[in-house]
Every structure is written in C-alpha cells, then in structure tokens.
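Participant: Listed in order, the protein sequences are those of chains B and U. The first sequence begins at 1 in the numbering used here and counts up by one. The second sequence begins at 1001 in the numbering used here and counts up by one.
Hints were generated in silico from the structure; no laboratory data involved. One thing to keep in mind: the hints can contain errors.
Within a straight-line C-alpha distance of at most 27 Å, the following computed DSSO-like cross-link-like pairs (lysine-lysine) qualify [stated by the list, open to error]: (1) B:LYS621 with B:LYS538; (2) B:LYS88 with B:LYS203; (3) B:LYS284 with B:LYS151; (4) B:LYS88 with U:LYS1351; (5) B:LYS499 with B:LYS511; (6) B:LYS132 with U:LYS1351; (7) U:LYS1351 with B:LYS91; (8) B:LYS511 with B:LYS481; (9) B:LYS151 with B:LYS203; (10) B:LYS151 with B:LYS287; (11) B:LYS88 with B:LYS132; (12) U:LYS1351 with B:LYS308; (13) B:LYS386 with U:LYS1058; (14) U:LYS1405 with U:LYS1351; (15) B:LYS91 with B:LYS132; (16) B:LYS394 with B:LYS621; (17) U:LYS1351 with B:LYS305; (18) B:LYS132 with B:LYS99.
Heads up, incomplete: computed chain U residues facing chain B, CB under 8 Å, no partners named [stated by the list, open to error]: (19) ARG1023; (20) CYS1024; (21) ASP1061; (22) SER1064; (23) PRO1083; (24) ALA1084.
Backbone N, C-alpha and C define an ideal beta-carbon position, used for all residues, glycine too.
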Amino acid sequence: MIEFHTLRERLRGELYTGEAELLTYAYDAALDRSRPDAVVVARSAEDVRRTVAWCAERKVPFVARGAGTNLSGGCVPLRGGVVVSLAKLDKIVSIDTEKREAVVEPGVVNLHLQNALAPLGFFYAPDPASFKVCTLGGNIGENAGGPRCLKYGTTTHHILGLDVVLPDGSLERFSLEDRGPQLASLITGAEGTLGIVTRARVKILPLPESITTILASFDSIDAAMGCVSDMIAAGVVPRVLEAMDRMTIDSIEAYLPCGLPSAEAVLLIEVEGSKRQIERELEKVSKLCEARGSGDLRLATDPAKREKLWEGRRSAYAALARLAPNVLVEDGVVPRDKLPEAARRIKEIAKRHSIEPALLFHAGDGNLHPNVIFDERDAEWTRRVKAGGFEILKMCVELGGSISGEHGIGIDKRRAMAWLFSEETLALFRRIKRAFDPRDLANPDKLFPLEGEPPPEGLIRPAPPAPSDAQNAFVERVREKAARGEALTVIGSGTKCPKNLRGRGEVLSTKVLDRIVALDRGNFIVTVESGVAVRALKAELEAEGFFVPIPLTLGTVGGLLATCPWLPLREAVLAMKLLLPTGEVVEVGSKVVKSVAGYDVAKLLLGSWGTLAIILEVTLKLLAARPDIPNEFPIPPKPTPGPVFARLQNAFDPHRLLNGWILEDSDA
Amino acid sequence: MLDRLLTDLGERSGYDAASQCSRCGYCEQACPTYVATGRETHSPRGRNQLVRLLIEGKIEDPGSAFEALSSCLLCGACTTVCPAHVPTADLVLEGRRFLRLDSPHWIPRLASKLLVENPPLFRSFVRWGNRMIRWGVAGLVAKTGILNFLGLGALEQAAAQLDTAPDSLLRDRLAASPPPRGDAWGYFTACGTDLLFPEVGEASLRVLHFTRGAGKILENPCCGLLSFNYGSLDDARALARRNIERFEAETLPEDSPVVVDCSSCAAFLKSYPQLFLGEPEWRIRAERYASRVLDFAQTLDPEALPGGAGAGNGVVVIHDACRARHGQGVVSEPRAAVRALAGDRCRELEKAGDCCGGAGAFAFAHPELSDELLRSKIASIADAQARTVLASSTSCLLQLVRGLKVYYPDCRVVHLSQWVDESLPKRT
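Next up, chain B with everything else stripped away, as it sits in the complex (with noise of 0.2 Å):
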C-alpha cells in the first residue's frame, strides 16, 4: 500500500485512491486494462512537477492522461502507481497570428483549439478521428495524425516547443530553435515515456480560400490506389485522399444509406487552395480518375453540399460499432504502391483467421487502417481477431512499411518493434529511455518489447542495400578508434568548420560515402549517403523530375543535416542509419512518408553537430514539383554542453568519443 496523503496536501488539484476511480482510469480505448493506484487531476503545471517528484522520490510509477482515446493501450497503468489526468489543464494560453503559433496546455481538446482558430483564419492541420474529444497532449504524447497529415504531416511537424516535466521532476523548456539536437522531437510520440507535457508551443496555418471534395468510384482497389500514385506523381498533393474498400462502404450503407455508389473502391480526395488552383488541380484530378476508369465523380465545394460527401466517409466507425461490441482499429503503414499488395493479403490473413476487416485507407501516405468487429466478451473471437491484426502489422513490415502510421505503440504492438528494428536499434531505444529515467517510472513497459519477452516469430524486415566498400572500410575505422577508446572527430566536407580544425583525435571526412542509394520512384523517397554534396543531389534528382525539399547549400548532405540551418528541413527526414560512436549501426525512422513507431532518433539528431552519432544514411522525402526554399542561412549555433544534453551522450556516446571539439568550441 502506498500512503498517497504527502502527496494530496502538495496538489491544488485533486488525488483519488476509491475502487471506482482506479477502475475507470484503469483502461482505454484498446482492450488492456490495469489499476493504478491513484489519480491525481491536475490542475497546474505545478500539480504535475510536484506529483512526477514525489513519484521520483519514491520510485512510485507514474502515467499521463489526456482523454483516453488511445487506441494501443498507451495510457494504461501496467505497474499501477499513478495516473496523472491533464484534462483539466484545459486553456489556450495565446493564439498569435502574425508569428502564426498558438501556445496551450495539453488538456486543451483539439477540436476546441480548431473553434478558437477558425474565427481568426486559421486552423492546427492534425486532426486524428476522434478530434472532437481527445486533447492535444494525447495528440503529442502519440504523434497523432489524421487525412490532413497528408498534406501536413503528423503532429510532430507542428510542435514548435513544449514544456515537459521530466521523470525526475524537473521542468524543462525545448524548443526546435534551441542550439543542439530537437529534444522537442524527440519527447513527441514518446508516448508518456519520458516525461510529461504541461504546455506546448503548436504551429498554426490560415485556412485556406477554397476546398473542393471529390468522391471518385473504382472498379478495383488496383486502379483506385494506381489513381493515387498517379496523383501524386502528377505533382497534385491533395489535402485529403482516403480510400474506402467494398466491405466499409457496404456497412455503411446499411446502416446509414447516403448514397455512396456501389464499387469496389472509394477515393474521397480534397484539394485547396485559390479558385485558380482549384481550377487546375481539379482538372488534372479529374482526367487521372477518368483514366483509370472512374466513371462516377462527384464534386462538391459548398460546405454543406461537401459535408454530404463527407458523411459516409465519417460514418465508417460507426457504421461498424453498431455491429457488434468492439472495433479493432489496426494501424499499419506500407509503401504507397505496394497499398493493392496489402489489400490482397489482409483479405488472405482474414480468411485465415475468420474474421472480416473493412479497409479504410489514407491512402495518400500508404497508412491502412483493417477495422474488424467482434465481441471481447469471447475470448476465442478476440484472440482471432488480435492474432489477424498482429499478422496484418508483420506484413506491412515485409512490405518494407510501419506498424503505426498514426496511433502508437502502446502495448499492443511493443512485440512488433522487434519485426521492425534490430536489437541495436532497440537497445539505443532502451538506452535514451534510460538516460531520461533511470528508475523506469514514466508510463513504464510501453513502446519495447519487454526484457525478456520473446520476439515474435520471424525477422522479416526486408534487407536493406548492401553498403559499399567504402562504408564498410569507414564504419571499421570507427570501430577501430572506439575499440581503442580513441576521441574522433567527424566532418563532411568542412564547410562549417573553422579553417584550421584542430579535432581532438583523428579527423575523419564522410565525403568517401557519396552514394545514392535508393530511388524509390513510386514513392518519392531517396536514401543517400550523407557524404553526397548537396548541390550534387539536387541535380541529379531534377535531372529525373524529382525534388528534394532541402536547402540548396554547400557541404555535404549529413553536414546540412547535422547542422539544421533550415527548421523546415525536418520535415523531408523519413529515416536515418547511423552509426554509434561505440560503433554499433542502428536505423532509425521509417522508409516510407508516414511512420510513427520509435523515438523519433532521426528528428532529434538534427542541429546535433556530429555530437551524438556518425549519420551513414538518410532516407528522404521528395517532391514531384519545385518547393519554394531559401538558399543562404548563417551558419548555427553549435550545442551547448548542459544536464540534459549530458543524459543524451550517455544514450549514444558514454565515453565522450565523438567530436568534442564542438562543444570545447561552443561559444555559450
């Protein structure tokens, strides 16, 4: 029995400990269900520093909750201790449109922030299915996504800073413009693991002129999702591009008839913009659907006439929680063009298991999302269900996808990151968790599989390219010195080094890695090695029509990376493979557009300066049309040596090998 009273006269907030609080915060919308111990509801900041500290102090676990929409089980209470409620943290703290931010708490629920926007002009992009209840904290906490996170990107592309109280109850302040690695990446999507979120700077846009809805029917899944890759291809970017299967439309029309046709595939594509643009992207829609056979196109640009086209759509959820008591909303993620592989393959594993998933697509980014009825009640129809689901997820990693475009790790899938990273990759993983919260308190056994559980059946991960001779020769070097215990210094071609570097150790020059690795031209996404020259790249890709939204700057690409002139460059970072200091490779991120599973390693190293690991690969994301980019940036700011930049190197570099010179150069 833990004695909670030290706590509940610290709180201006509320603690709870009776058997009917500690069942209801005991689950949430997945199926996992745990006690904790107690509940605080937390009406400060402050509530929150002093609840994790009394926590730290007694090495009593501790969990965060927004809403609890949750769909893998993030913000069940495994080990007990206490729930931490941010529900009431509700207010907007400011809106400013001229720097186009709004700052708020994490209870603030995300359809609230939208009705404070939308009369000013403007609106925050993410907008997971449950937007009208869950709070933007989860919405971090998860990474969460949404159709419009086609065009914009998941959460993490509108999190300018946050205030995060860390597992041993300090409070800190990161902010993307912050010298050094983006900590304010890394702690979105780390699920509760790191810390608790008590207030967050968030990216606002204008809303656009116009939206035009266009409901397009198909005679297959096939020529649906090649009408999406053409699309893209085509340079369009929809803001929204769902795709519903012949099952999802079916049950929608039975329990709501709205009229959609009858196919075997639905496309619901938005595009925005001036009437002008509209205009154009509209026609050039139109053809690709004509061309592809869809006869039946429907357009709407009125609110209420778009909101008609919308509502089947908006019913699929319903439509099939009517049928029977529970809904497994599985999340998996693979290449755009290989969405009529998986269509295939789910409705294999279906018959499989018996069971009956209707698909549900943003098909845009090749996030999938099986939702297959049944009955928790009955153990046997459940343990079909989640064992269909877990073979859905396997298969999107074959695919050389993602478990979780969108909804997290949680419990449900921490198995599965054993399918999708090596034992390396998780142990830098475990290692970051660790240098954050050495006790292991914040939201504990989520995210990894658990020491010593067994990994599920199968390494499937597709095999990545061979490396060359010369990463091969460069990662043993590095070895070697790390073997010794030997400082390194590590640069590309020294553009933003000081003329006569003196590195502590041997200097090492990543230029010897300068190959493209892969184009994926169904995919629009390169890796290269982080020696190729910047203006190198770019030439090459537009040479085949292609373009990669990254400065035009001098150096080399990891240089332009690990230096991060450019915030926005951010956003075209899908995946890196990098190789530790202690000489382990690890990869991290996804190599496909939508992929929220993992710390997000790839996002946190850049504005790292080489300080934290040796960028061997980078797999990026690309465009079909010209961005518009500024070209000339000063040179910034290098990292500034601190407590928390500390616990980072001993995650990827205990002995302080690496490019110390840096930080002995650091002009803090």
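Got chain B sorted already, so can you dock chain U onto it with the hints?
Facilitator: What follows is chain U alone, placed relative to chain B:
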C-alpha cells in the same frame, strides 16, 4: 431492475447494452459532468463501465460507484453522439437500482411515493408549500438556516428566490372555468405544469385551441417518471398502466394526439414500452399509447402560424430540454415555430443542448455541480444578449428562473407555449 432495455439496436439485456460501449470515448465532451470535473468516473464511458462491472460482479466495493452513478444528469447527450447509441441514462438507472440507490435525496423519494399512493394529499402539500413561499415563510425558514441543516441548501436558495409560487393549481383553475370541449387532441396534465406553472398549462391549452380546435383534458395521473428515476419501478409501471387505461377509456379519434407540455414527461410517456418488455399484452398497449404522444413543440405547424414580430422585445433563444433533444429528437420543431413567429429575432443559443443542471432532482442532490452547469448556461444566454429564453420542461423552468434572477436579470424565461400564446393575435 428492468433487466432488459429497448436500445437503438433493438431489445437487449442490460449487460449486452452496457457491453456495447467500446470505450472509444467519443461521448466525453458531450457529457456536462465530465466537462465540468474532468473525471472519468463522471463521464458516460466511465459510468457504462461501472455498470458493466457491477453486473459482472467485479467491483469489491460497489458503494464506491455511488457518486459516479448519482451524479449522472440522465440528460442523454452521450447517447446522441455515441456511434452505437448506448443508452447510458437507462444503464445508470439500472446501476442505481442495483445499488438500491432509491433516490439521491429524500424529498424526491417522498414525492414519488405520495404521487403514487395519495395524489390528493400530495397536491394539498404543494398548495400549502406554494402559499408559504408566497407569504415569505419559506424565506423566513431559510433565514434560520434550518434547511441548510437538513442538507437542503439548494431548496433554501430556491425558496429565497422563487417568490412567484402560483396562487392556485392548474386543475383547480380549469375546474373553475372549463375550456371548450372537443376531441381534436387530449391534453396530458404534467405535474410540474399543474403544481408549479399553471400559467404554462393555460397557455398551452389556448394555443392548442388556436392551432387545432377544441380538445379534451385527460384526467391523467402522474406519468411515473419521478418513480422511474427516484422511486420504485413497480410504482412507475402502476402509473403507466393507469395512464394507458385512462387514455383508452377516452376513445379519442385515431389522429388525435396526446399533447404534453413538459418535455420530460413527454419523453417518458414515449418510453412506456420499455417498462413492459416482459408483458406482451401491455407492451402492445404501451406502444399504441406511446405512438400517440406529442411534445407540445411537435404540435406547432410553422406554416399555420401567423408571421410577425413575436412577443416581447430583443433576442429570443431556445434552450433545449435534454428530454426534448436527446429523449425525443425534438430539435427543429420549436426553432421552426419561433422563426415563423419572430423571424430574425430568433437566434441560436451556443450549446443550446447542454443541460442547465436542473435535471429533475439533480439540483437537490448535487447543488454545486448543478450551479456550475447553470452558470455556464446563463453565460451563453448572456453572450447571445437574449431577452427571452424559451424552455419546455418543468425542471429547466425552475432552474433557469433561479439562474436568470441571480446572474442575468435582463432576461426572462418562459415556456415555449407561453411565448407562442403571447405572440398569437388576441383571441377571446
């Protein structure tokens, strides 16, 4: 317990109905008590889970669910937004019956008992009560603090503020000067209208006469809602049977509706079939009866109302009774009527469907929470700069009279029928 419920998905056991909640949480922001407290126990999802766990026998200390279940407004807003329309209010009542929480307070419990066993005695209590309020005795009593001592803080406030108790009851007034008799409709006399707001009933009858010709006043007993919510199911069933029998004896023409001007009663009369799921013969009779019931707002045909400026000055807004909006789906009808009568003066109240905190006996049992909801309701009325609020249920009228008097006296609240009556051309 009822054990079986009539849900949007058909007849279900209470257990199946509770298990239909998939815990998606989409109800949370629709629930006034969750929004006010931020507590999962005070959310529809939490309450559904607790009822389910009670049925499953998985709560060691069932009493710990008391507060969660007793604090439910039974407003039904959650059911409206729920993908599967899980009937949380009915489930909460099942949970209360399971815990034998007959009533959160002895006053409604006593009232419900008397309404079944001795209506005349109850009516004379109310007559005396009204007199005391008019004479200011209740105010004096309140000053002694004795009501507070009895745990009746809300009643004390009400007594101090309700100085407009009627001088006679509706039935007495109608007995003294009976309206013309016909059979175009039957008027169901709601207890609240009869005992506390007789002028509402008089207005309803005048409007009905104008819109539909002469009708009949049904000599009905209480609808049974008070017993259903705070007393015993057997009492509620007994009252339902009496009402059905009384109606059948009246032999109204097939197309004559039973009109009720308290939305809470109207919604309950429409739900009678659920009381008789185990009695096929009574179920059919209840279905026949329920199909004839109309909320007063449903009797208004906007096409047949004379256009004009409507009664009074300034902005007119509608506050939806929970049992109108969520209990019956009556939303567009009052708006169409008021717009026909007053045009642009009729504005939409922000969060018009949020509960005012009246909710039957809720104001007695949870005075602080009730007051919080009342304040936010009055704030939205003030934001609309309304001069007239229209309501349709007795407990809303009581609550809003009190709230407006304290927080926003520039505005008055009347029943929809009163305002329509005032807006219609003068008749004899």
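Participant: All the hints need checking, so say for each whether the structure fits it.
Facilitator: Hint check:
1. B:LYS621 with B:LYS538: OK: LYS621 (chain B) and LYS538 (chain B) at ~13 Å, within 27 Å.
2. B:LYS88 with B:LYS203: 22 Å, holds
3. B:LYS284 with B:LYS151: 17 Å, holds
4. B:LYS88 with U:LYS1351: With Cα atoms ~20 Å apart, LYS88 (chain B) and LYS1351 (chain U) stay inside 27 Å; holds.
5. B:LYS499 with B:LYS511: 17 Å, holds
6. B:LYS132 with U:LYS1351: 14 Å, holds
7. U:LYS1351 with B:LYS91: 19 Å, holds
8. B:LYS511 with B:LYS481: Holds. LYS511 (chain B) to LYS481 (chain B) sits at ~19 Å (cutoff 27 Å).
9. B:LYS151 with B:LYS203: Roughly 15 Å between the alpha carbons, so the hint for LYS151 (chain B) and LYS203 (chain B) holds.
10. B:LYS151 with B:LYS287: Since the Cα atoms of LYS151 (chain B) and LYS287 (chain B) sit roughly 21 Å apart, the hinted pair holds (cutoff 27 Å).
11. B:LYS88 with B:LYS132: Holds, at roughly 16 Å.
12. U:LYS1351 with B:LYS308: Status holds; Cα separation ~23 Å.
13. B:LYS386 with U:LYS1058: 24 Å, holds
14. U:LYS1405 with U:LYS1351: Given pair LYS1405 (chain U), LYS1351 (chain U) holds - Cα atoms ~21 Å apart, limit 27 Å.
15. B:LYS91 with B:LYS132: 16 Å, holds
16. B:LYS394 with B:LYS621: 24 Å, holds
17. U:LYS1351 with B:LYS305: 24 Å, holds
18. B:LYS132 with B:LYS99: 26 Å, holds
19. ARG1023: 5 Å, holds
20. CYS1024: 5 Å, holds
21. ASP1061: 5 Å, holds
22. SER1064: Holds - the Cβ of SER1064 (chain U) comes within 8 Å of chain B, reaching about 4 Å at its closest.
23. PRO1083: Check passed: Cβ of PRO1083 (chain U) comes within 3 Å of chain B, closer than 8 Å.
24. ALA1084: Constraint on ALA1084 (chain U) satisfied, holds at 5 Å.
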